[in-house]
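Student: Can you make the complete structure from the sequences, with help from the hints?
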Amino acid sequence: MKKLLSVFLLLALLLSAVPAGAEGVVNVYNWEDYIDPAAITLFEQETGINVNYMCFTTVEDMIVQVEANPGAFDVCFPSDYIIERMIANDMLAEIDYANVPNAVQTIDYLRKPDYDPDEKFSVPYMWGTVGILYSKTMIPDPEHSWATLWNTEYQNQVFMLDSIRDSMGITLKSLGYSMNTHEIPAIMQAKMKLIEQKQSGVVKAYQVDETKDKMVAGEAALALMWSGDAMYAIELNEDLDYFVPVEGSNVWVDGAVIPKTAKNKENAEKFINFLCRPDVAQMNCEYICYSSPNQGAIDLMGEEYTGNHVQNPAQELLDKCEFFHDIEPKFLKIYVDNWNDVKNAK
Amino acid sequence: MRYDMSLPWWSWALMGAGLVAFVIMIAASIRRNSGVKRSLFAAPYSLWMILFTIVPVVLIGYYAFTDASGAFTLDNFRNFWDSNYESNKVILDVMGEAGADYITRGTVNVDTLVYSLWMAFLCTVICLLLGYPAALFMADRNMKLGSSLVVLFIIPMWMNFLLRTIAWMSLLEDSGLINTFLRWLGFDGVQLMYNSQAVLLGMVYNFLPFMVFPIYTVLSKMDYRLSEAAADLGCNSFKTLYKVTLPLSIPGVVSGITMVFMPSVTTFFIPRVLGGGNTMMFGDLIESKFLTEGNWNVGSALSLIMMVLILISLSILRKADPNNDGGGIA
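Here the protein sequences come in this chain order: A and B. The opening position of the first sequence corresponds to residue 1443 in our numbering, with each subsequent residue numbered one higher. The opening position of the second sequence corresponds to residue 13 in our numbering, with each subsequent residue numbered one higher.
Hints are computed from structural coordinates only; laboratory data are not their basis. The model shown is predicted, which means the values in this text are computed figures rather than measured ones. Just so you know, even glycine gets a beta-carbon here, dropped at the ideal spot from N, CA and C. Be aware that a few hints might be false.
Said to hold, decoys possible - Dumping the calculated BS3-like pairs for lysine-lysine here, alpha-carbon to alpha-carbon at most 30 Å:
no., chain 1, residue 1, chain 2, residue 2
1, A, K1788, A, K1702
2, A, K1772, B, K101
3, A, K1635, B, K101
4, A, K1562, A, K1772
5, A, K1788, A, K1635
6, B, K251, B, K156
7, A, K1788, A, K1640
8, B, K101, A, K1788
9, B, K101, A, K1640
10, A, K1772, A, K1635
11, A, K1788, A, K1554
12, A, K1554, A, K1712
What the hints assert, rightly or not - The calculated label-pair distances, taken between Cβ atoms and stated as ranges, are:
no., chain 1, residue 1, chain 2, residue 2, range
13, A, Y1539, B, L174, 39 to 45 Å
14, A, E1585, B, L175, 37 to 43 Å
15, B, A83, A, A1510, 17 to 23 Å
16, A, E1689, B, L175, 37 to 43 Å
Tutor: Dropping the structure here:
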């Protein structure tokens, strides 16, 4: 009898593990910690669609996974230049805007962006800038320039991003080049400048996800950082502040896209439409702290958002910033090899 | 949020096939003389090995000797020697003669390998020096604390090594526990993290049990009457250790060295967490080739070189333990 019971229990366990799936599923592949979990629950309650939520930490990782597992993902959230590459490689399905009416909420600045000029394949999800997060007690009045990260007064006080395009990009910008340059001498010059920075002893570490919490703890004075992470850190530690250097920087956009291989395109569109609903966009914006591309959400948040110089940077500063563009694979090799040289420098 | 826990169809098929095969073989073995060989019991294991060991190694070999289009090439190994090999070609292609000024040999891969081997060597030596006395202590019958020490070594292994490494981070950081305590006492803080020493510490911490336990197993199986006999014949305790215990424990030492050296060479994650990403190890490099750069061909070539190096070191170690008394790991 006992045996029979245990067999029944085992069966019950196995059956309960199989999803009911009346309305199907949507396989979402998003950045780590990049959605309010309550929004997912809300979506499941409202639509009955199960959300199978998976995370990545770098877009490079994401694109490798999407290529290697066709059909595994229905909605992904790549950054601008990856969207450009996915469009070029014919990896994305056109979004049927009849199913995504909330997309009209997108702010004008991000309409018809140059990585997706016809807005056929992507709906902006979050955007932001790259800048410098600093501690006001350790550095009361920093120069609003990229040169601050090279200032040898700040020995062992700088966290750099272990991210090829960002770290190489801001160095190129500080040298007066475009962040998307294909000029080999410029890339080499940027490498030399980064090696000089490492050898001068200002860099404490090259990392990505750990930086924000370490800045909150006061581990270093300066960090190259995305505005959203900066906002998160500032909310936890009032001693921190953020600026975008006057030379200009990168404005990045993470957009929702549907891979061509997606198995649940309609559910994917429902999910994207849900994310563009002003109240949901507000939930996510307040949770993630990045800048919202959603006019409805911005109106809902009011002064709290528009008065915030981290989330809502001045237009004249934005005018000096650039989007990343996808760099041709052969030139990207030069970026990669030079960045590895920086990492390898002693 | 509900996670999709359902298994893909092929895993059901695999498990079903394995179960059926198993039941058939049990039934057959109950009826003796039915002609079923006992070695058939190893069939599921062999299948597993073929699917998840042989096939991946073959794939690595395939990728290592082909380029992105699948054609045979040795460029991936040239890339190991000169990490700028591919970008140098692009530079000459784009800039022509003028590009010559920008061509340098990239030493990233070779440097990283040498650094990894050196770190693994240091880690193995330190683990041996720390682990051998610990194992002696644990295996000593007169020592009452020995068995508690075994438990103390095992308990941390219940937790995932990533978490234990991250725990070290909160101890060692500039704003971490140790430095906070030092400042509270009135001293200046010291930089404990973001350097190779911290990486080495993390490696020793993580891999020490793999040195201790093989030695402990061999020592505790050793016939203690041998040491008693040595004492009766006039050896002092140091000489007993040197003449009797040490030679008899060599198989354990060999498998300990193997089990520490192998994961040390291929370490990744620890350099990123405790070393602040300032110096990569070979494991990090291979990881970034696959995940960040999406360059499976060079990544496979690097993995292959790593495997060959490990095979060579294993065959050297094997000479020290020809009878596989240490569990046949080496």
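Student: Could you run down the list of hints and mark each one as holding or not?
Tutor: Status of the hints after comparison with the structure:
| no. | hint | verdict |
| --- | --- | --- |
| 1 | K1788/A x K1702/A | 44 Å, violated |
| 2 | K1772/A x K101/B | 9 Å, holds |
| 3 | K1635/A x K101/B | 23 Å, holds |
| 4 | K1562/A x K1772/A | 27 Å, holds |
| 5 | K1788/A x K1635/A | 14 Å, holds |
| 6 | K251/B x K156/B | 23 Å, holds |
| 7 | K1788/A x K1640/A | 8 Å, holds |
| 8 | K101/B x K1788/A | 26 Å, holds |
| 9 | K101/B x K1640/A | 27 Å, holds |
| 10 | K1772/A x K1635/A | 22 Å, holds |
| 11 | K1788/A x K1554/A | 44 Å, violated |
| 12 | K1554/A x K1712/A | 22 Å, holds |
| 13 | Y1539/A x L174/B: 39 to 45 Å | 43 Å, holds |
| 14 | E1585/A x L175/B: 37 to 43 Å | 40 Å, holds |
| 15 | A83/B x A1510/A: 17 to 23 Å | 21 Å, holds |
| 16 | E1689/A x L175/B: 37 to 43 Å | 41 Å, holds |
When each numbered hint is compared with the structure, violations occur for hints 1, 11.
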